[in-house]
Structures are given as C-alpha cells and as structure tokens.
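Protein chains in written order, with my numbering: chain A, 1 to 381; chain B, 1 to 287; chain C, 1 to 285.
Simulated from the structure, these hints should not be mistaken for laboratory data.
None of these values were measured; they are calculated from a predicted model.
C-beta: ideal position from N, C-alpha, C; glycine also.
Among the hints, erroneous ones may be present.
Over 12 Å on every C-beta distance to chain A, these chain C residues come out as not near it, computed from the model [claimed, not checked]:
# : residue
1 : 14
2 : 26
3 : 36
4 : 142
5 : 179
If you anchor each label on the Cβ, the simulated ranges turn out as follows [to be verified]:
#  : chain 1 : residue 1 : chain 2 : residue 2 : range
6  : C       : 55        : A       : 62        : 50 to 56 Å
7  : C       : 265       : A       : 356       : 52 to 58 Å
8  : C       : 44        : B       : 148       : 26 to 32 Å
9  : C       : 37        : B       : 114       : 33 to 39 Å
10 : A       : 62        : B       : 150       : 23 to 29 Å
11 : C       : 58        : B       : 148       : 33 to 39 Å
12 : A       : 62        : B       : 183       : 53 to 59 Å
13 : B       : 260       : A       : 218       : 53 to 59 Å
14 : C       : 54        : B       : 196       : 52 to 58 Å
15 : B       : 180       : C       : 63        : 47 to 53 Å
16 : B       : 31        : A       : 172       : 51 to 57 Å
17 : B       : 260       : A       : 62        : 16 to 22 Å
Covered stretches of chain A, going by a simulated chain C footprint (3 or more residues, C-beta under 8 Å) [said to hold, decoys possible]:
#  : segment
18 : 86-93
19 : 252-258
Chain residues, written in single-letter form:
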Amino acid sequence: MNPRMTRDQLLRRGAAGLTVLSLPTLLAACGGGGGGEASGELKDVLNFANWPLYIDIDEETKERPTLNKFTEETGIKVNYFEEINDNATYFAKIQGPLSQGRGIDRDIIVLTDTERPLNVILENGWAEKLDKSLIPNIENLIPAQQSPPFDPDREYTLPWQSGMTGIAWNPKLTEPVRSISQLLDDPNLKGKVTMLSGFADSVGLVMLDNGDDPSAFTDESFQRAVDRVQAAVDSGQIRRFTGNDYAEPLSRGTIAAAVAWSGDIVQLKLDNPDLEFAIPEAGGMIWTDNMMIPLGGSVPTASTFMNFVYDPVNMAAIAAYVNYIPPVAGVKEVILETDPELASNQLIFPDEETLGRLHQIDAAAIGNEEYLAQWQSVIGA
Amino acid sequence: MSATTAGPAVVTSRLGTGARVWRFVKRHTLTAYAALAFAYLMLPIAVVILFSFNDPLGRFNYVWQGFTLDNWRNWDGVLGLREAVTTSLEIAALSTVVATALGTLMAMAIVRHHFRGRGTANVLVFLPLATPEIVLGASLLSLFITAQVATGFWTIFVAHVMFIVSFVVVTVKARLVGFDRHLEEAAMDLGADELTTFRKITLPLLAPAILAGALLGFAISIDDFVITYFVAGPTQTFPLFVWGAARVAVPPQVNVIASAIFLIAVTIAVVNVIIASLRAGRRQQGA
Amino acid sequence: MGSFLHRHRGVAPYLLLAPGLAWLTLFFLLPLAFLGYQSLQSGSFPNYAFTWEFSNYAKAFTDFRPQLMRSLTYAGLATALALLLAYPLVYWIAFRAGRWKNLFLLFIVAPFFVTYLIRTLAWLNILADEGPVVGVLRDVGLLADDGRLLATSIAVVAGITYNFFALMALPIYVSLEQIDHRLLEAAKDLYASPTQAFLRVTLPLSAPGIVAGTLLTFIPAAGDFINAQLLGTPQQYMLGNVIQSRFLELIDYPTAAALSFVLMATILVALLAYARVVGSEKLTG
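Chain A extracted, bound-state conformation (with noise of 0.2 Å):
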C-alpha cells in the first residue's frame, strides 16, 4: 500500500463522490498501472489534453460550465490543453517521451478508436490502468461501448464521445445513395465523390458492403475491399480522399456524395436542410474518440474525472454543446427535458436498431503495416 496516501486524500475522494471505501478499492487505488508512485496519487491538478471546441463552453462567460463544476465538486483544479488537432501529429509529438517510459505530463489524453496511435499506445504498454473502483459511474457505459476490439474490458480506456460513419448526399444533385455500391459504380455521381482517409471509415464501409465483417479482417476480405476503391479511383468515380473537408463541397453541391461523419452533417444540416445521411443497408461504422491514461498520468485523479463526466446529468451538458453521440446511458432523457428537438435527432441520439447496424474496427488491422501501407498508396501517398 502506499505509505503516502493520507487521511486528506481518502477524504478528498469521498467528496469525489466515492460513497464506500473497501479495501480492494484502496489497493487498487494505490497500485496504479505500474507507472510508479505519480500514477498512485490523487492530485490537485487534473492535466486533460482534448480536441479543440469539444467541450461545453458558456459563451457569455467563455469559461467552461464542466470543467468549473468538476472543480467545485471535487477540488480538484483542470489545466484543459486543446492541443489534440489529429491523432497521427499528436502521436507524433508525443511517442518520443512515452517509448523512453517517460511521462507526458498529461492526465488524460483522448485519442480515436478508429486510427492507430491509439492501438500504438496499447500494445506497448504507454497507457496506466483505470481505476474502476473510482469509477462507478461506468455502469451507465452503452452496452454497445463495453467491449471494444482494441479493449475488451475497458481496462484501459473510456469513450469520451461517438460517431457514425455512413453516406451523405446531396437531394437536389443525386437520387438517395443508400449503398456503397451505388456511391461506387452510379455512373450519375462520376466524378462526384469523395471517401474519407480513413482506413477504417472507408475500408469499413467496402467490406460491410461486399458482405465481409471489418471487426475480423482476412487479408482476402482486405484485399477485396481494396481493390474495389482503386477500380472506382482509377475510373474517377471518387474524386478525392478527405478529412472533414468534404463538408463544404457537399455543401455548396461541388459533390454530390460523400462518405461522411455524422456530426459533421448535424451542423452542415443546420445551413443546407436538404442534405440527407444515412447508415448504408449493409451497415455503418461507428468510431469513439476515447480517454486514457498516459503513462505517469495520474490514475486515482483521472479516474475520478472519468466517474465525473460518465453521471448522466454530467455528460448532457457536454453532449448538447458538442453534439456528437454522448456514450453514457440517461443523457437522452436528460436532454428530453430542456432540449426535445435536440433529443429527437438520430445524429445524436441513433435508436437502438440503428446502433446495432454500426460496427467497429479490427484493432488489429489498424495496426497492420501492409494493409496501412497498401491504404496509403490507394489513395495516393
């Protein structure tokens, strides 16, 4: 047990609103993720790295209503970095320090399910182990959430917030384009495509839509899929490979269709109402932009951040300013009561048999050099 753990701390992690103190929760606490005495302690300061404008900000006090919440209940101060702009560069920046077992002197980092630094970090052991005694507030985690590839008991990580990949089109230029296969082969939209960069977004999406699962990967199923894009590039069927740049060609009706994120096109809807998306018949993909714990990060603070913003009431506050698919059970009801529109709307709040139709990424082929490698040179680099 950790001889510094003292009669403050256990009583400043009650106030966190543990309620029972058992022993094994103590131990755990007091363990941390094998990253030394830091990752043990609870502190003050909670160092929480995120992407840009994804979090709730009031506007007219330009402060952030969660994060000063967090502070009153707990004590415990927030040095909010927005300095995730994409996971590849963040990763970049920050593997120097995490391969020589050197801390970041981040708490929590979030970073997406969908792309590798993620599976990166994992596999090498450069994360620190949640502690769920701090956190149970994890109950309230979707069923669909609680057991992804890359982490099947969420020991490691937690979903910060979701999204879904499908089609989006235009009406006025294009009939519905509900299949992969239209949005390939319809010599209509020749030239009026674009896919995203993404390898799981749009791998995904080929191989739901030749029938095979992007949860297992086989290098035939791979290859299948591969081989399709390249067909429709070499025709100029798909005129580019995209990040959320595709929004405003979409738009503006430049493209006709475009492979899309859902929480793009709930505020490109808000400007052009005609644009329509929906999860392929085949089936969608959903990503999740995930926390964690780098190494040396602080575990019993970061877990109790964790247990904070997974209260459903928490979580709601978020969601209504992001706008993505919050991953705690409750906040749709939540949201009912001040914003019934905003809970209505299956960009955010997808139904049941909407979410079942959505899968997720083999971890381990995000992490497979060759398939990388034969991604990259498909769509042109």
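Here the structure of chain A is known, so what remains is to put chains B and C in place on it, guided by the hints.
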C-alpha cells in the same frame, strides 16, 4: 497616385504621336495589370472578410446565410482564440527581429567577403528551405526532448528564427549583389569609420531589402503550422488554433481576427505614409 | 570596433556569420544529423535499430519516382508562373507606386496573415464547380461544360503559385527598387526603345532578385504537400505527401527520413543545374 509623375516621362516630347499613344497605353496597361494582380492577391482575403459578416446557422461558416455584425461585436467570444493570436503576434515580432539581424549579418559576410567555408555557409543557408517541415519539426522536437528542454513559447521562437533566417539572407543578398560600393568608399575616404559608414550609408541603402526580408519573415512565422505544432508544447498559436478548430468547424470569429489583423496592418502602413509626407511637406515649406 | 574590423579584415566575415551560423548549427544541423541517423535505421516502430540500412534510400528513389518528378514539375511550373505574374507587379510598385510602395508590399504578404487553412478554404469557395470562375471559363469555352478546376493539376499548381507568390515578389522588388532611374534615362537618351532599355538595363540589373526569388519559391514549393492534398487528388500527390503519410500514418520514420534526404539532394542538384545556367556567382552572391 504618383504613377503619372514618374521620371522617364520627361523624354516624351522627343517622341512622335504614335509613340506617345503607345506610351500611354503601355503605362496604363501596367497599372491595370497591377490592379488585376492585387485583385488576385486580395480575392481570398475579400472572401475571408465577407464571411466574417456571415451569420451561419450551424457551426460551418461556408455558405452565405445573411449579414450580421455579431461576429465582430463578439470577436472575443471564442475561448482561447485571443490568447492564441497574441502569442502568434509576439512570436512573429520577436523572431522576425532576431532573424532579420542574424540574416543581414550573414548576407553581408557571404556577399562582401571571400573566406574559407563561404560555399558551405551558402549551402547551409539553403538547406532549411529544402527540408520538409514535418521531419524538421519532428527532429527538432527530439532534440528538445533529448536535451530535456520544456517545449513552449521559447522553443517556438527558436524554431521560427531558424527557418526565417534563410529567407532574410536570400532577400538581403539580392540587394547586396547589385550594391554600389563607391558610396561607402567615399564615406570612408572622408574619414568615417566602418561603423559610422555602416550606420549612415550601408544600412539606409539596405533598408528596403531588410524591410522586405522582415516582412517575409513575419508573414511566414505568423502562418507556420507544421513545425510550430511539434515544438509548441501546450502553447497555442493562431494557426494551431485554426487547424484544431477545423476538425469541428472554424468559428466566424477566426475570420474576424484574420480580417482585423489585415486591416490594422494596412491602416498602420497608410498612416505611416501620410505622416511621412506631411513631414516632408513641412520640411519643404521650411526650406 | 570599427578600426578593429579594419585591421583584422580576415576575421570580419566569421564574426558576421557567427551568431546566425551558431543558430543554424544548433537548431538545424543537429536535428538534421539525427534525421540522417534515423534514415539508416531498420525494424518497426517503436523498435527501430541503427543498421546502416542504405536500402531505405534505394527504396525511396525507386518506389516514389512519380511523386518526386511531380514535385519538381509542379514546383518548376509554379515558380515560372509566379515569376511571370510577380515581375510586372513589383516593377509597377518599384517605379510607379511612389511613396505608397510599402503599403503595396504589405498587400503582397497580406495573404499570410489569414492563415493557410482559411485562405485555402476561400479558394475552394472561389474555384468551386458552381463558383463564378468555373462559370465564366465554361461560358467562354476555356473549360468543357462538365470541366472543373478543383481536383486537377491546374488547381495544385495555381495553389502553389498563389501561396509562394510573396517569396518571388519581394526579392525581385528589392533589386528593382535600387535601380538608378538615371540609367534608364541614359538608355533612352541613347535612343534605346523602351523594350531595349528594359532588356539591356532593367532586366540584367534585377537578375539577382530574380535568382533569389526563384530559389525562395522553388525550394519550399518542391517540398509542399498541402496544396496537393487540399486542391488535388491522389493523382497529384507530391513527394511531400508521401513523406507526410510515411511519417504520420505509417509511423515509418526511417523511410520518411530517407525520403527527406532524397528530396533535399534532388533540390540541390536542381539548384546546381540552375547555377550553371545563370552563372554560379549570381546564385552564391
């Protein structure tokens, strides 16, 4: 504009009517071309300014929805944006001053002196321009990590000076190569020492080149994303903020700030010219 | 100090160079050495080992030749285009803009103030298939009715030209601005036609600026990746895009490092060829 009073006009009288028409056409063709070229340069800026008055319904500021002053009124409404812009301006100003000084000295050494290692120094100046930013940023970061330097404001500054310096050297060299050294020699002959000559003769003659180099450096610093991202630590600059926000959607306040920077810079330049000409006018009256 | 320099003329250049050189050595050469070390590693992330893996270079040269050639072609085209567009403009500023010179110089660098992403988004807006530019080009028959500008080589080259315009313009301005007007008048007095005066006097005197501008434009343009990424398609990708993807997506640091040196070496070879054409003295000052 002073275009019509330019020097060579004196010789027109010696030319025939046909030539005079030709001159007229030519002069105005050039001016018309300049106007077109500026329109081309300013076109995206005009769009940026236009969209700073847009009233988007969602978060994407792409499609014109309607005119509003709200974004300007609420220019500081985006958390962290003001700090990011301030940091960018500070770093750009600071690194421009240092890089301009270092670069000017290097250019003088390379152009004016023949010494061992001159060729090497020359190539060294070009190399940073030829290195892809991403690998430059990443290897610079590994240097800082190895040396256990905490990344932040000062590491950004160091990196910016490093890549601006080459631009200054090349720009100042372009002036020094065609430099008339007789003026300097004359000054020295009249008893001025090297420092006085440099201050009174060389520097004023180099001023347009130094100004141009500094302008370039400032512009490149304030626009840099890739290298800055690696060496920034938790520090946010304007481009980092914008790239980050782009994942969700760039708020219209970014257009406001970009427009404001542009308009303020133009205002300062215009006021400068007016003050200078007022002073010149007064001096003429006095004489 | 002045007299010290006068007495020790041999030391002077080194003193002038020292601060800048020290800066570049510490913050450029040292990281570059690390990059060189990385380029000879083998293995897979995070277990790269230094093995004198020269095959990384062989691979870089053979596997990515189309992208390398595209880097040179696009950069060359954009440089030529920028020169043609910038020269008359800065000529006008230097000789016709009078006391407003500095204001117009400011206009030239102004696009940088609006941050890369924002101005590229603006271009996407302007060049969109339904936008005004494409409409006009289609009406006058320069573009087919289903023709487009975005996602073509034209858009990529135009994007590079626009974004590196200031790097071409300012050095040329700097050398034009110092031309003595009396020289031009003298040429006219000697019955030189304006064209002759320009070709015999102005152009040669502005040559150092043209050389400097060409270098400042071509070198960074050859390493650019963002224009191809945002305005082009995979068929327009340049070596910079490959380096970007090797480094970030594949976490293949050795190949990315080797590719960087290949790019640098290619650029240096191009510069040497250029130096032979324009005369090495102009290139090195």
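>> Tell me the hint numbers this structure goes against, listed in increasing order.
In response: Checked against the structure, the only hint that fails is number 16, while the rest are satisfied.
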